[in-house]
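Chains as they are written, first to last, in numbering that gives the first Met the number 0: chain A, 0 to 424; chain B, 0 to 424.
These aren't lab readings, by the way, just hints derived from the structure by calculation. Be aware that one or more of the hints could be misleading.
[As the list claims (entries may be wrong)] Calculated lysine-lysine pairs in the PhoX-like style (CA-CA distance at most 25 Å, straight line): (1) K47/A with K302/A; (2) K36/B with K48/B; (3) K414/B with K389/A; (4) K414/B with K240/A; (5) K331/B with K160/A; (6) K193/B with K414/A; (7) K79/A with K193/A; (8) K414/A with K240/B; (9) K374/B with K266/B; (10) K331/A with K160/B; (11) K240/A with K302/B; (12) K209/A with K160/A; (13) K240/B with K302/A; (14) K414/B with K193/A; (15) K240/A with K240/B; (16) K414/A with K389/B; (17) K269/B with K136/B; (18) K414/B with K414/A.
[Stated by the list, open to error] Derived DEER-like restraints, expressed as beta-carbon distance ranges: (19) Q336/B with T337/A: 31 to 37 Å; (20) D168/B with K331/A: 32 to 38 Å; (21) T233/A with Q336/B: 35 to 41 Å; (22) T65/A with K269/B: 48 to 54 Å.
[As the list claims (entries may be wrong)] Some residues of chain A that are not near chain B, with every Cβ distance over 10 Å (derived): (23) R19; (24) W33; (25) P58; (26) K79; (27) V117; (28) H133; (29) L135; (30) Q142; (31) I206; (32) K209; (33) P213; (34) G274; (35) P279; (36) Q336; (37) Q367.
Built from N, CA and C at the ideal position, the CB exists for glycine as well.
Protein chains: 2
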Amino acid sequence: MPLNKLLRDGDNEDLAEERRKATFDTDEMAAIIWEGKERVRRRREITKKVNEYTELHDPYCQAFMTRHEEVENAARKITKMFTLIDKLGVNPTNPADMAHLTSEVIGLYGHPLALHAVMFIPSLQAQCADDQMHWLKKAMSRQIIGTYAQTELGHGTNLRKLETTAIYDAKTQEFILHSPTRTAMKWWPGNLGKSANHAVVVACLIINGKNYGPHNFIVPLRDPETHMPLKGITVGDIGPKMATGPVDNGFLSFDHYRIPRTNMLMKHAKVTPEGKYIPPAHAKVGYSAMVHVRSHMISDQAKFLAQALTTAIRYSAIRRQGEIQPGDGEVKILEYQTQQYRLLPQLARAYAFSFTGRAVRDLYLRVQKDVAKGKVHEMAELHYITSGLKAVVTHLTGEGISQARMSCGGHGYSKASNMPDLYGK
Amino acid sequence: MPLNKLLRDGDNEDLAEERRKATFDTDEMAAIIWEGKERVRRRREITKKVNEYTELHDPYCQAFMTRHEEVENAARKITKMFTLIDKLGVNPTNPADMAHLTSEVIGLYGHPLALHAVMFIPSLQAQCADDQMHWLKKAMSRQIIGTYAQTELGHGTNLRKLETTAIYDAKTQEFILHSPTRTAMKWWPGNLGKSANHAVVVACLIINGKNYGPHNFIVPLRDPETHMPLKGITVGDIGPKMATGPVDNGFLSFDHYRIPRTNMLMKHAKVTPEGKYIPPAHAKVGYSAMVHVRSHMISDQAKFLAQALTTAIRYSAIRRQGEIQPGDGEVKILEYQTQQYRLLPQLARAYAFSFTGRAVRDLYLRVQKDVAKGKVHEMAELHYITSGLKAVVTHLTGEGISQARMSCGGHGYSKASNMPDLYGK
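Turn these sequences into a full structure, and let the hints steer you where they fit.
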């Protein structure tokens, strides 16, 4: 029995030749990467199920779809996935199973309900006060579809300079959401362009002329029956990007749009009916949704890099170029030191990022538990670690995928290689 | 009169502030870049004409078009451009005017007849014997539409290993073109997928079992009336790529497809009716089409880099982030040394590549003249220079455009920035 468990009869002989050289058991390595033999077995089981249900497949290659078709196709698949969830044998509260199932159904391209699960629900979980849990319940049962709207056209990481305002009107006990300039427009949130009917919106809280900085509000955007934007809301699609078309990134602006006081998420900071501000225990507590996404990003980047390298290294084992010994035929490009130098350090990075992602996830989960108990002393450090690693890991992953793409010659430029979309991630 | 001639009333004030600081006359710089004041005047005249003729414009943004629409739209525009050429006041034999006109009409995305002008016609010019000039005439008048098919699925730069064969049959005085394997399939030639009805095909010439290496043949691919592939020809679209959708890259394979002996381009090497091979004066003389394209590539890359930097530097002058002095407001990101370090060396490269491209073009033109007189001693050097510079300049340009893209934050990821398509070039 060879150590490489991927060997199959009828494989390309150039590839099989490399696989027979394996010096470790590939199933054991899979168990290390995916945290246990049982997880590997379970992943394969889920993959098999997804392959069986043709309703979860693309009718044709997504690279040939129009923008409209790709968004609609992804929405159809993710909705179907939830309808079939019992038949697929997946428990929707099991994060590891759900992550693998979603990845198998959706692939690289993203889907227009992703932020509902990845940012909207976690925001509500982290920030709803006890008497606001009805929002979370509606989100969990998908009676409302939401996103998280923080970034503005002119404002990214410098949150204190966000221009969207939420001015408290004590007379009516409402907040007035407003976008005073063009650069104040929310820009980039996923799921926002065509899909979401609610959003957790980050806006600067103003009471009696005093600016208390960014706070979170749950905001209805579209009519639940007609899906048309509500009066005072301008919302739409920001158009094509390098990749991730179906993520449905959108824009959003407010024209003196009123929401009840109770739509401010008040687990941490609070505003009383009279307009008294009660600060949170820790100033940064409101950003947990972004921290949550960043903690996942590292593992995701590791996977993208690993996928690109799998393609590039397999390609290097079957592509032959250059006759070193006249008459011996052309050699595999994997034999060239330049090709090895290009690819193997990137492969090492993919492993390193995978283990880093796991460590950051564990740290995030521990800090979240502490914060729930009021222990916030590690929040700042978690923020530094996730922000710093996000920047370093996405940059190095982009570099690594570029190297993988170029190591496939021109073929890395074709969408059939997946490299352009992997780079776009 | 300010030195920056681009200043206009109503400009964004942040941008105007930078433009007022110009220390050189922008029109004089334009004259240096475009080789004379008259060329600059002429370019502006052509641009104005193109703006006047709405038939030459896109009905809507190309980024929103389907694959079919983008190819068709580009074909429509380039055809219209030739129909209107007298009204546009451009002489089709003036290369500089034609290059600028085509660039203004087509933009970044390419068009499905580009290789007809850039590789098919130059190949015929360089390689038709005197009694083969009727092919060139038909190509010039667009009675036939052609491309240049060299690269194969499994074979790129190592031309001697191309697998497509042209076996001479002295009985019928024909060559039999054949693709013996899957990797022998021609793959990547532009204009081939849906558009061309002829190609200059590079295939290994075999006479009486002896392989004479790669030679050029003019080959009919599609029926001139129905545009359907001829018997023995398999041809089609290779699908979506990172960018340049309308370039219409295709695949092509031959199943014992016969062409007359006289379809071998015989200006240099020749095959007599009896099957006697007469070698060319210089072995590399057949590759001039590739050298021609490479000599243009450097100037083109300089332009792409300059375009990306224009966007990135202007964006850096209007985007503000981070308050250095509390109360002074956020500063232009162009003020940050990290942003300057990112962009300004790339700007210097754009200038350097522009002048390099001009030098290589002049060298190419001189060597072409010499070769026409039988002086081939500089061909090898031209080949080294263009191959080496192509690799270095495209790599550094890709890096520079990535830097420009990232210096625009998330907005560089949107197709509205043009960065994804510029990088794809």
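Evaluation of the provided hints:
1. Annotation: proposed proximity of K47/A to K302/A holds, straight-line Cα distance about 20 Å (limit 25 Å).
2. Note on K36/B and K48/B: the hinted pairing holds, with a Cα-Cα distance of about 19 Å set against a maximum of 25 Å.
3. A hinted pair counts as satisfied when its Cα atoms are at most 25 Å apart, and K414/B with K389/A qualifies at roughly 23 Å.
4. Between K414/B and K240/A, the direct Cα distance comes to roughly 5 Å. Compliance with the 25 Å bound is thereby established for this hinted pair.
5. Proposed proximity of K331/B and K160/A is supported: the alpha carbons are some 14 Å apart, at most 25 Å.
6. Taking the CA atoms of K193/B and K414/A, the gap is near 18 Å; set against the 25 Å cutoff, the hint holds.
7. For the given pair, K79/A sits about 19 Å from K193/A by alpha-carbon distance, which is consistent with the 25 Å threshold.
8. A C-alpha spacing of about 5 Å is found between K414/A and K240/B, which places the hinted pair at or below 25 Å, so the restraint holds.
9. Restraint check: the Cα-Cα separation between K374/B and K266/B comes to about 15 Å, which is no more than 25 Å; the hinted pair holds.
10. A distance of roughly 14 Å separates the Cα atoms of K331/A and K160/B; the hinted pair therefore holds under the 25 Å criterion.
11. Note on K240/A and K302/B: the hinted pairing holds, with a Cα-Cα distance of about 22 Å set against a maximum of 25 Å.
12. The suggested pairing of K209/A with K160/A holds, with an alpha-carbon distance near 14 Å, which does not exceed 25 Å.
13. Between the alpha carbons of K240/B and K302/A the distance comes to roughly 22 Å, so the proposed pair stays at or under 25 Å and holds.
14. For the hint pairing K414/B with K193/A, the CA-to-CA distance comes to about 18 Å; that is within 25 Å, so the pair holds.
15. Among the hinted pairs, K240/A with K240/B is consistent with the structure: their alpha-carbon atoms are about 14 Å apart, no more than 25 Å.
16. The hinted pair formed by K414/A and K389/B meets the criterion: a straight-line CA distance of about 23 Å does not exceed 25 Å.
17. Between K269/B and K136/B the CA atoms are separated by roughly 21 Å; this keeps the pair inside 25 Å, and the hint holds.
18. Taking the CA atoms of K414/B and K414/A, the gap is about 17 Å. The hint holds against a cut of 25 Å.
19. Separation of Q336/B from T337/A is about 35 Å and conforms to the stated range, judged on CB atoms against 31 to 37 Å.
20. Take D168/B and K331/A: their Cβ atoms lie about 36 Å apart, and the range 32 to 38 Å holds.
21. One distance hint, 35 to 41 Å for the beta-carbon pair T233/A and Q336/B, holds here, with the actual separation near 38 Å.
22. Under the hint 48 to 54 Å, the C-beta atoms of T65/A and K269/B, about 51 Å apart, fit the expected range.
23. Residue placement check: R19/A keeps its beta carbon more than 10 Å from all beta carbons of chain B (closest about 23 Å).
24. With a least beta-carbon separation of about 30 Å from chain B, W33/A lies farther than 10 Å from that chain, consistent with its non-interface assignment.
25. At roughly 15 Å, the least C-beta separation between P58/A and chain B is larger than 10 Å, which holds for a residue marked as non-interface.
26. Non-interface status of K79/A relative to chain B is upheld: no Cβ of that chain comes within 10 Å, the nearest being about 25 Å off.
27. Look at V117/A: its CB is around 17 Å from the nearest CB on chain B, clear of 10 Å, so calling it non-interface holds up.
28. Look at H133/A: its CB is around 34 Å from the nearest CB on chain B, clear of 10 Å, so calling it non-interface holds up.
29. With a minimum CB-CB distance of about 29 Å to chain B, L135/A clears the 10 Å threshold, and the non-interface call stands.
30. At roughly 31 Å from the closest C-beta of chain B, the C-beta of Q142/A stays outside 10 Å, upholding its exclusion from the interface.
31. Remark: the non-interface label on I206/A is consistent with the geometry, its nearest Cβ contact in chain B lying 22 Å away (cut-off 10 Å).
32. The beta carbon of K209/A is kept farther than 10 Å from every beta carbon of chain B, the shortest such distance being approximately 16 Å.
33. Residue placement check: P213/A keeps its beta carbon more than 10 Å from all beta carbons of chain B (closest about 15 Å).
34. Every C-beta of chain B lies more than 10 Å from that of G274/A, the closest at about 26 Å, which supports listing it as non-interface.
35. With a cut of 10 Å on Cβ distances, P279/A stays outside the contact zone with chain B, its closest approach being about 23 Å.
36. Residue-level check passed: Q336/A sits 18 Å from the nearest beta carbon of chain B, beyond 10 Å.
37. Annotated as non-interface, Q367/A keeps its C-beta farther than 10 Å from every C-beta of chain B; the closest such distance is 27 Å.
Every hint, counting from the list given before, is met by this structure.
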